[in-house]
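K.L.:
Chain residues, written in single-letter form:
Number of protein chains: 2
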Amino acid sequence: MVSKNQIKLITSLQQKKYRYANKLFFAEGVKGIQELLDSNFELEHLYSTQNDFPEVSNNKKSIIDENDLKKISALATPNTCLAVFKMPLEKSIIATGLIVVLDSIRDPGNLGTIMRLCDWFGIQQIVCSNETVDYFNPKVVQATMGSIARVNVNYTDLNSYLQQTQLPIFGTFMNGENIYKSILPQQGIIIMGNEANGISETLEKLVQNRLTIPRFGSLQKTESLNVATATAIILSEFSRGN
Amino acid sequence: MVSKNQIKLITSLQQKKYRYANKLFFAEGVKGIQELLDSNFELEHLYSTQNDFPEVSNNKKSIIDENDLKKISALATPNTCLAVFKMPLEKSIIATGLIVVLDSIRDPGNLGTIMRLCDWFGIQQIVCSNETVDYFNPKVVQATMGSIARVNVNYTDLNSYLQQTQLPIFGTFMNGENIYKSILPQQGIIIMGNEANGISETLEKLVQNRLTIPRFGSLQKTESLNVATATAIILSEFSRGN
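Line by line, the protein sequences are chains A and B.
Quick note on numbering: the numbering used here labels position 171 of the first sequence as 171, and the sequence is numbered without any gaps.
Quick note on numbering: the numbering used here labels position 137 of the second sequence as 137, and the sequence is numbered without any gaps.
For reference, chain A alone in the conformation it holds in the complex:
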């Protein structure tokens, strides 16, 4: 059984302002919830249609029916479980290694996929513009497939952040150096731009190394790659070694 107040609270967490007002967010699905439980995230309460997650004490979980799950889920086809977690305290930005900077990524699926990619390639830090979608958005949490527990995400004014960094700054453009022929360092900042507009003009001025992912084939008509697939190719190139 889920009370009306609980339903009201949980559905409100689909909106950013209520997530930050309550310092809570939620995840759905066994795999994502398990990853968060195994990490440093503090469980507020777990709702499940099955008697699973034996490691969670009984006062922290409720067995509910599918109808109740539907009322609290953000998914069109709800999973078997939903867990509300406390938002962790914001950590400071890690200043070494490869850092991915996101300039106004708007699509939750793209942010989640990029977090999963960073996790795969051992990148610990993502720095987002304040306009980038919130990473506690349920659709982002869903798309990260647990990587949210392992990648540090901060939101800040990118112009100030990039002006103070000592690391080399990379960005991809149509007219940059062929990424396959570039020498890529093990430390640096990689800026990925907005889905529709790419890297903003203000930030473009701060890019020291302009890279291009070359197009192949005779037609050359594809205008651009999706930002998540472009990130995949770029992180692969930075990581593969020469």
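Honestly, the hints are just simulated from the structure, not real lab data.
If you're wondering where the values come from, they're calculated on a predicted model, not measured in any experiment.
Take the hints with a grain of salt, since some may be wrong.
Computed footprint of chain A on chain B; a stretch qualifies when at least three of its residues, placed anywhere within it, have a C-beta under 8 Å from a C-beta of chain A [stated by the list, open to error]:
hint : region
1    : 119-129
2    : 227-239
Sample of chain A residues facing chain B (criterion: CB under 7 Å; computed from the structure) [as the list claims (entries may be wrong)]:
hint : residue
3    : LEU117
4    : TRP120
5    : PHE121
6    : GLY122
7    : PHE216
8    : LEU225
9    : ASN226
10   : THR229
11   : ALA232
12   : ILE233
13   : SER239
For each residue, glycine too, the CB sits at the ideal point set by N, CA and C.
Let chain A serve as the given structure and place chain B on it in line with the hints.
P.N.:
Below, chain B without anything else, positioned relative to chain A:
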């Protein structure tokens, strides 16, 4: 003005059986429609809230209001235009170059993104299992961003197809050869597996070259990459040259 019969027909095209019964599909948005018009696709009828697309004759287009567009659109937030096209005749499978084989890709966004990637990397042929999502699905058409006009897609029984090919067959697995250290040919078949289950056991037996995209970082807990981002990395490696 859109008639009731037109609304009924167009909304029915969201379902595969009606697309194939009517030999019609639709695209939404100026960019996607323009790409299809510029290619060999035959327009059935264009519906737009604006008097655009001057190259389309008046008997092939209707200016409609936003309310009518909403009735025929498959999008939560409709664009300004929707165009119904005739399905092209199926072309035979191109048997040279790099060929991407999809084993039961279910997510329309993933298929659309993979088509866009193939277009970027100059890959002309995708061969799908019969269980793979239909590429005329409106969500696929949307995600291809026009690449649907330039990549040949066929559906077939993959087991028979792979048994008769002369090309080397590649697939990615957790325990394959490091893709960054492998010699990759300019011709061959690359199998990408289902989102949840990977490459099916039947097809796995036909793979001659088992590849792995290595994970980096100390944690190594990410279980897998999204199939579209994995495809991005693999196609980049096959295309980049050594």
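K.L.:
Now tell me if each hint is right for this structure.
P.N.:
Against the structure, the hints come out as follows:
1. Judged by the Cβ-Cβ criterion of 8 Å, the region 119-129 of chain B is covered by chain A as claimed, because 6 of its residues qualify and three suffice.
2. With a threshold of 8 Å between beta carbons, the proposed coverage of the region 227-239 of chain B by chain A holds, since 9 of its residues qualify and at least three are required.
3. This hint holds: LEU117/A has a C-beta 6 Å from the nearest C-beta of chain B, less than the 7 Å allowed.
4. For the restraint placing TRP120/A at the interface with chain B, the shortest Cβ-Cβ distance is roughly 5 Å, inside the 7 Å limit, so the hint holds.
5. Annotation: interface hint on PHE121/A holds; nearest CB of chain B at approximately 5 Å, less than 7 Å.
6. Satisfaction of the interface hint for GLY122/A is found here, the shortest Cβ-Cβ separation to chain B being roughly 2 Å, below the 7 Å cut-off.
7. Taking 7 Å as the C-beta cut-off, the interface hint given for PHE216/A holds, the closest approach to chain B being about 4 Å.
8. For LEU225/A, the shortest C-beta to C-beta distance to chain B is roughly 6 Å, which falls under 7 Å, so the interface hint holds.
9. For ASN226/A, the suggested interface contact is upheld, since its CB lies about 5 Å from the closest CB of chain B, less than 7 Å.
10. For THR229/A, the shortest C-beta to C-beta distance to chain B is roughly 4 Å, which falls under 7 Å, so the interface hint holds.
11. The restraint placing ALA232/A at the interface with chain B holds, with a minimum CB-CB distance near 4 Å, inside the 7 Å limit.
12. At about 4 Å, the closest approach between the beta carbon of ILE233/A and any beta carbon in chain B falls short of 7 Å, and the interface hint on this residue holds.
13. Taking 7 Å as the C-beta cut-off, the interface hint given for SER239/A holds, the closest approach to chain B being about 5 Å.
The structure shown violates none of the earlier numbered hints.
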